[in-house]
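Taken in order, these protein sequences are the chains called W and S.
Numbered according to the numbering used here, the first sequence terminates at residue 339, and the numbering increases by one at each position without gaps.
Numbered according to the numbering used here, the second sequence terminates at residue 339, and the numbering increases by one at each position without gaps.
Derived by calculation from the structure, the hints in this document are not laboratory data.
The model shown is predicted, which means the values in this text are computed figures rather than measured ones.
Treat the hints with care, since some could be wrong.
Note that identical chains are pooled: a pair holds if it fits in a single copy or bridges any two copies.
Claimed, not checked - Capping the alpha-carbon separation at 27 Å, the derived lysine-lysine pairs in BS3-like fashion look like this: (1) 218 / 183; (2) 159 / 183; (3) 216 / 240; (4) 147 / 183; (5) 322 / 112; (6) 240 / 322; (7) 240 / 183; (8) 159 / 112; (9) 218 / 147; (10) 147 / 159; (11) 322 / 147; (12) 147 / 216; (13) 112 / 216; (14) 159 / 322.
Number of protein chains: 2
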Amino acid sequence: MTSRRGFLAAVAAACTLLAGCAVPVRSTDPLPSWNEGAAKQSIVAFVAEVTRDGAAGYVPAAERIAVFDNDGTLWSEQPVYFQMLFALDRIQALAPQHPEWRAQEPFASLLKGDLAGALAGGEPAIAQIVMATHAGMTTEEFAQIVKDWLATSRHPVTKRPYTAMVYQPMLELLAYLRASGFKTFIVSGGGIEFMRPWTEGVYGIPPEQVVGSSIKTKYEVRDGQPVLVRLPELNFIDDKAGKPVGINQHIGRRPILAFGNSDGDFEMLEWTTAGTGPRLGLIVHHDDAAREFAYDRDSHIGRLDRGLDEASPRGWVVVSMKDDWRAVYPPSTGLHATN
Amino acid sequence: MTSRRGFLAAVAAACTLLAGCAVPVRSTDPLPSWNEGAAKQSIVAFVAEVTRDGAAGYVPAAERIAVFDNDGTLWSEQPVYFQMLFALDRIQALAPQHPEWRAQEPFASLLKGDLAGALAGGEPAIAQIVMATHAGMTTEEFAQIVKDWLATSRHPVTKRPYTAMVYQPMLELLAYLRASGFKTFIVSGGGIEFMRPWTEGVYGIPPEQVVGSSIKTKYEVRDGQPVLVRLPELNFIDDKAGKPVGINQHIGRRPILAFGNSDGDFEMLEWTTAGTGPRLGLIVHHDDAAREFAYDRDSHIGRLDRGLDEASPRGWVVVSMKDDWRAVYPPSTGLHATN
Numbered sequence: 001m002t003s004r005r006g007f008l009a010a011v012a013a014a015c016t017l018l019a020g021c022a023v024p025v026r027s028t029d030p031l032p033s034w035n036e037g038a039a040k041q042s043i044v045a046f047v048a049e050v051t052r053d054g055a056a057g058y059v060p061a062a063e064r065i066a067v068f069d070n071d072g073t074l075w076s077e078q079p080v081y082f083q084m085l086f087a088l089d090r091i092q093a094l095a096p097q098h099p100e101w102r103a104q105e106p107f108a109s110l111l112k113g114d115l116a117g118a119l120a121g122g123e124p125a126i127a128q129i130v131m132a133t134h135a136g137m138t139t140e141e142f143a144q145i146v147k148d149w150l151a152t153s154r155h156p157v158t159k160r161p162y163t164a165m166v167y168q169p170m171l172e173l174l175a176y177l178r179a180s181g182f183k184t185f186i187v188s189g190g191g192i193e194f195m196r197p198w199t200e201g202v203y204g205i206p207p208e209q210v211v212g213s214s215i216k217t218k219y220e221v222r223d224g225q226p227v228l229v230r231l232p233e234l235n236f237i238d239d240k241a242g243k244p245v246g247i248n249q250h251i252g253r254r255p256i257l258a259f260g261n262s263d264g265d266f267e268m269l270e271w272t273t274a275g276t277g278p279r280l281g282l283i284v285h286h287d288d289a290a291r292e293f294a295y296d297r298d299s300h301i302g303r304l305d306r307g308l309d310e311a312s313p314r315g316w317v318v319v320s321m322k323d324d325w326r327a328v329y330p331p332s333t334g335l336h337a338t339n
Numbered sequence: 001m002t003s004r005r006g007f008l009a010a011v012a013a014a015c016t017l018l019a020g021c022a023v024p025v026r027s028t029d030p031l032p033s034w035n036e037g038a039a040k041q042s043i044v045a046f047v048a049e050v051t052r053d054g055a056a057g058y059v060p061a062a063e064r065i066a067v068f069d070n071d072g073t074l075w076s077e078q079p080v081y082f083q084m085l086f087a088l089d090r091i092q093a094l095a096p097q098h099p100e101w102r103a104q105e106p107f108a109s110l111l112k113g114d115l116a117g118a119l120a121g122g123e124p125a126i127a128q129i130v131m132a133t134h135a136g137m138t139t140e141e142f143a144q145i146v147k148d149w150l151a152t153s154r155h156p157v158t159k160r161p162y163t164a165m166v167y168q169p170m171l172e173l174l175a176y177l178r179a180s181g182f183k184t185f186i187v188s189g190g191g192i193e194f195m196r197p198w199t200e201g202v203y204g205i206p207p208e209q210v211v212g213s214s215i216k217t218k219y220e221v222r223d224g225q226p227v228l229v230r231l232p233e234l235n236f237i238d239d240k241a242g243k244p245v246g247i248n249q250h251i252g253r254r255p256i257l258a259f260g261n262s263d264g265d266f267e268m269l270e271w272t273t274a275g276t277g278p279r280l281g282l283i284v285h286h287d288d289a290a291r292e293f294a295y296d297r298d299s300h301i302g303r304l305d306r307g308l309d310e311a312s313p314r315g316w317v318v319v320s321m322k323d324d325w326r327a328v329y330p331p332s333t334g335l336h337a338t339n
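Only chain W is shown next, with the shape it has when bound in the complex (with noise of 0.2 Å):
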């Protein structure tokens, strides 16, 4: 009879035969792109903590809810966001449909390739981008939109498909954290419905349990065929506070790990912390540059600086992608599909 070693390295072999294997495969270590260290060592006691019936601080299954962000938490968000690189895209796209742009701002100056300029506008601009490429199709065809610039679009700087910039730390520790039975969710101030259609392919989470920022929708019977329109009117931001907001609204109880990397998840950090019984707060710091992207305090997009001065005082886990993080990336052989 083969051991249990044994029988996991054959099937870790024929997974990395395969393609499409969603998560790494188990070993004794749950978590081997983690270094050991403080960060690993508060995950790892955490999850025993919760699980072991009979402990302190035990939680039933149904309660273990973890949340985690998304741009700069579970994949890459530099040079910057990328649903705004895919809004970029789509206006290059959508251009010739619209040969009034060359006159009106920001699409004039997108399109001369001048972004500086664009987004010299502020707020309205980037509104006016959001909605001219987010809105006016059905949900489904955007889904269909969203799945086909992920399947044939690179990254700028690492020229990789987006889907393959996900950290492989953060794919582990969801898987672990499904095995150990908690219920992993995500909360975006991204769009809910650009995150949806890949989220589960890539990292095992189903669209009911994605929560995100989202325009208005409308039902419409069309040719007997009914639809939900995409309206150029924003329904719900889901940053900062509004991400306790968005938590309450959609998943109806607090969760008990959450996961960030920016100010902008201050809030769901705070807010999962409060709770009574045991809560485990973690941030991602961007402090590899050779890996990935090394950015806090000062960064425009994912900007990091009350979080690091409070995470101390209110025990919150600051990981390091340079000392925490074995791998960043997964391995090429182990690039996801988008479906």
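Could you slot chain S onto chain W? The hints should help.
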């Protein structure tokens, strides 16, 4: 060795003796409170088709989403939605703190026991009653108020606790679907935070699988403790054409089974059954004045008119409470705790 049938009978007997058995023990018939007939057959055939690997209509477990209206579908809704009875009770309870209500409609009429007079103010009067009773407290305070009310209140006609007016055949159906790999959701016009405190204990449906109408909330830190405060401002009405919108917002994929009872559920059934592959739409028809209430086309609450006309051409199943249900409410020994 005990036979399987004998074992199940023993478990069932043990279950009857113990308080808090959440769902009926499965026998060879998963729907013992459903009479044999076309309605029951359509459910069993649908579940068999979508779960049998290799069947033409096989649906992967992740896509087995079933949505249920609440008022009139999972529990009774006469003589008026139970949430309105909750609001009226709250007005009485809060009156001592609001002496000004004695001179202010719709409260003045309510406090004199004149419901018709209070509701003469129409939608604005109802909105005032709802906001006076549902807003101003934290989400956690509101959940406790709901639990306390359910624990102590009795229905004006049946004298049962409200949570004992859930439908036994629907409890069996929910359990049967979940045992068949479905995720069961509530999609109700009722208040999402009015339902969540008890749906897990009563229906086995956790808070994150409850979709409903809502008011806005605001995140605040009070004396160092974060809270979500319920504001007297409408957020979303999850009824009629709002139901597909709510389904898309919360669940993010189209259900394959939808169960309603009134024309407020029409668009939910339309949206669900217009999808490709096997789909099942069902409607509870309240035609049982002896055991529950009889109402349809002319009812103020739970009006069912268009649904009756269009069920047949659309292939939706009309479930007769009188003919298709062997029992309506759970036996009193099977009453559910509300946690």
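Verification of the hints:
| no. | hint | result |
| --- | --- | --- |
| 1 | 218 / 183 | between (30 Å within a copy, 25 Å between copies) |
| 2 | 159 / 183 | neither (33 Å within a copy, 39 Å between copies) |
| 3 | 216 / 240 | both (20 Å within a copy, 16 Å between copies) |
| 4 | 147 / 183 | both (25 Å within a copy, 25 Å between copies) |
| 5 | 322 / 112 | neither (38 Å within a copy, 70 Å between copies) |
| 6 | 240 / 322 | within (26 Å within a copy, 52 Å between copies) |
| 7 | 240 / 183 | within (22 Å within a copy, 30 Å between copies) |
| 8 | 159 / 112 | within (23 Å within a copy, 73 Å between copies) |
| 9 | 218 / 147 | within (22 Å within a copy, 34 Å between copies) |
| 10 | 147 / 159 | within (18 Å within a copy, 54 Å between copies) |
| 11 | 322 / 147 | neither (31 Å within a copy, 48 Å between copies) |
| 12 | 147 / 216 | within (21 Å within a copy, 32 Å between copies) |
| 13 | 112 / 216 | neither (31 Å within a copy, 42 Å between copies) |
| 14 | 159 / 322 | within (21 Å within a copy, 65 Å between copies) |
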